[in-house]
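Asker: One letter stands for each residue in the lines below.
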Amino acid sequence: MADTSTSIFNRIWRGLGSLRLFWWLCLSISSIFYFGVMGIKGGAVHGFKEMNKQILIDWVRGPGIEKPLILGWLFIVALLVMLLSMNLTVRLSSEIKTIHKLHLDWKNKGKKGSGIILLRKASIFLMHFSVVLMILIHLTSSVSGVKLSGPVLSKGHVIKHPLLPFSLECKNIIRPSGKNLGKHARPTVVLKPANSDLPSFKIPGWHQGYYYNIYADYIDVEPESVKPGETPKKPREKIGLKLAVNTLNVVYFLMAAASLCFIGIILHLSVRPEALVFFEKNKKRWQLLTT
Amino acid sequence: MEMAVRNLYYLSMCLYALGALVLLWKREEGIAAPVRIILTAGFALHTLSVLSYIGLCGHIPIHARAQMALPRTWGMGMIMIFVLPNLKDRLLLGNIIIGILILCMVGLPLPLANEMGVRAGLLAAAPFFWFHLYDVAVVIFTYCFSLSLTLLLKRKDSSGLSNAQLQSKIRSIALWGFVFFTLAQIAGSIWAVKDFGEYWLWHPMHLISVAVWIFYAGMIHLRWIPEISSRRGAVMGVTGFSAIMWWTLYHDYGKQMVLFVKGVFI
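Protein chains in written order, with our numbering: chain A, 1 to 291; chain B, 1 to 266.
Rather than coming from a laboratory, the hints here were simulated on the basis of the structure.
Note that the Cβ used here is the ideal one computed from N, Cα and C, for glycine as well.
Some hints here could point you the wrong way.
To be verified - On the chain B side, residues computed to face chain A include the following (Cβ under 10 Å):
id : residue
1  : Trp130
2  : Leu133
3  : Val136
4  : Ser168
5  : Ser172
6  : Ala187
7  : Trp200
8  : Gly218
9  : Leu222
10 : Glu227
11 : Ser230
12 : Met245
13 : Trp246
Okay, chain A solo, but in the shape it has when bound (with noise of 0.2 Å):
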């Protein structure tokens, strides 16, 4: 009955940790990723933008539940990254043993080019451990931190939220003036926390941990006073500025499993079989070079 069962989880195992599978995944999370696409341009869903507003937790707690299409999609999206992640897990358990055989025997001196298959294989688990890594952050990044966008900025005008580190005052917008500006298009404006001898900053930016952007969109107008009888003007449209405010916590942990990931393509490029093959037809020019 053991043996049996024992069996039967090395065959789910392998299964899980099979690139077949990781084949398959990938083509199904390029094709939902693609539909999702269509969904948006072809203007089936509405309100995928609002995702960018909010942690994604919040999304899916708060307006997302009026969103069923997007949350579907978003669920598909997720169970599938969710199988690639232990499919990549998996696969780098496998990875761990073999590299620890490769270098026994490349300690041990026992395999001619067991140095080089080592390298070769630390390689390409770097690789794989760095894309596991950046799931892992940007599934953290999805659940934690602070993200708020919203708040109208207006000369004068005191932002309050419990999300902000500190009320902020708008101190003044410089709007750029001339043609062709270019990137230098976008206006900057003065924050500074208000009632307090902090001083005040410029966005957009960086700023005591805290990135505060600016973006225009629409914002509400109050409606005209309407006198009895008269039948109310529908409000016109007005654009202004907004304030967006996020922190990433994760921007440390972003940049080293990104260097990782790196190393390893460098790593698997020097080491793979195709170069060394490369290295060895030149190696007579290298030592004329060098020479």
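Model the placement of chain B on the given structure of chain A, informed by the hints.
Answerer: Using the frame of chain A, we list chain B on its own:
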């Protein structure tokens, strides 16, 4: 002057198309001398137009459509010139030219040099180097598309590269494309954190970038899955390229192309 430079580019594309037509028309094996002359002349004009654009703008043009058309077609032109002298495979050469023409069509209309200023918005803040990493990746994926199409269309008795050689090349080229695409993604996200405070947005552009990246990740792993035929790898090479082109067309630039076509024909 600016019109002349743009027309130089269009003329070079016409020469490539002419070269492809002669290739189809000539039945004998090997590359005939006229084809070689036409394609080399096309590449010379192409290079001249790119250099003139750089001269007039003062930098490598970084405009949405120029970004797609100029450096990318020129990169493929370079590959074509490298392949040209030693090649007996007319089909591959023809497919490389098809790749160049598709890149050109997708990047139409090419703006004039005075319109090549840095555009407000996302492209404006983009550092040139990182954006050109994407260009390199697209050029490599286009070459991968040409090789894949050749493998799919090849008859058993035709000369040139064997199926095994083509498969090996497709694998190697796809890997290099994937590497450059990954580096571009990493560099782009670091830049986005610095300039926008976020590395990821729920936006069609980001979604398609990930879709393309993961698609090619699957493709480069095919070599270790013997039960999936290598022909399917070639199909993926063609599909992946179509996905990239679809992304480019379906993005904001597609509207510009429709306007251009309307302006020319209607």
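Asker: A separate judgement is required for each hint: does it hold in the structure or not?
Answerer: Hints, verified against the model:
1. About 13 Å separates the beta-carbon of Trp130 (chain B) from the nearest beta-carbon of chain A, more than 10 Å, and the hint is not met.
2. Given hint, Leu133 (chain B) at the interface with chain A, is violated; its Cβ is 12 Å from that chain's nearest Cβ, farther than 10 Å.
3. Below 10 Å, beta-carbon pairs count as interface contacts, and Val136 (chain B) has none with chain A, the closest being about 14 Å; its hint is therefore violated.
4. Among the interface hints, the one on Ser168 (chain B) holds; its C-beta lies about 9 Å from the nearest C-beta in chain A, closer than the 10 Å criterion.
5. Taken as an interface hint, Ser172 (chain B) checks out: its beta carbon lies about 6 Å from the nearest beta carbon of chain A, inside 10 Å.
6. Here the hint on Ala187 (chain B) is kept, as its CB sits about 9 Å from the closest CB of chain A, short of 10 Å.
7. Annotation: Trp200 (chain B) was flagged as interfacial toward chain A, and the flag holds, the nearest CB pair being 7 Å apart, inside 10 Å.
8. About 3 Å separates the beta-carbon of Gly218 (chain B) from the nearest beta-carbon of chain A, less than 10 Å, and the hint is met.
9. A cut of 10 Å between beta carbons decides the hint on Leu222 (chain B): the least distance to chain A is about 7 Å, and the hint holds.
10. Annotation: Glu227 (chain B) was flagged as interfacial toward chain A, and the flag holds, the nearest CB pair being 7 Å apart, inside 10 Å.
11. The beta carbon of Ser230 (chain B) comes no nearer than 13 Å to any beta carbon in chain A, farther than 10 Å, and the hint placing it at the interface is violated.
12. Taking 10 Å as the C-beta contact cut-off toward chain A, the hint placing Met245 (chain B) at the interface is violated, the least distance being around 13 Å.
13. This hint holds: Trp246 (chain B) has a C-beta 8 Å from the nearest C-beta of chain A, less than the 10 Å allowed.
Comparing the model with each earlier hint shows violations of hints 1, 2, 3, 11, 12; every other hint is respected.
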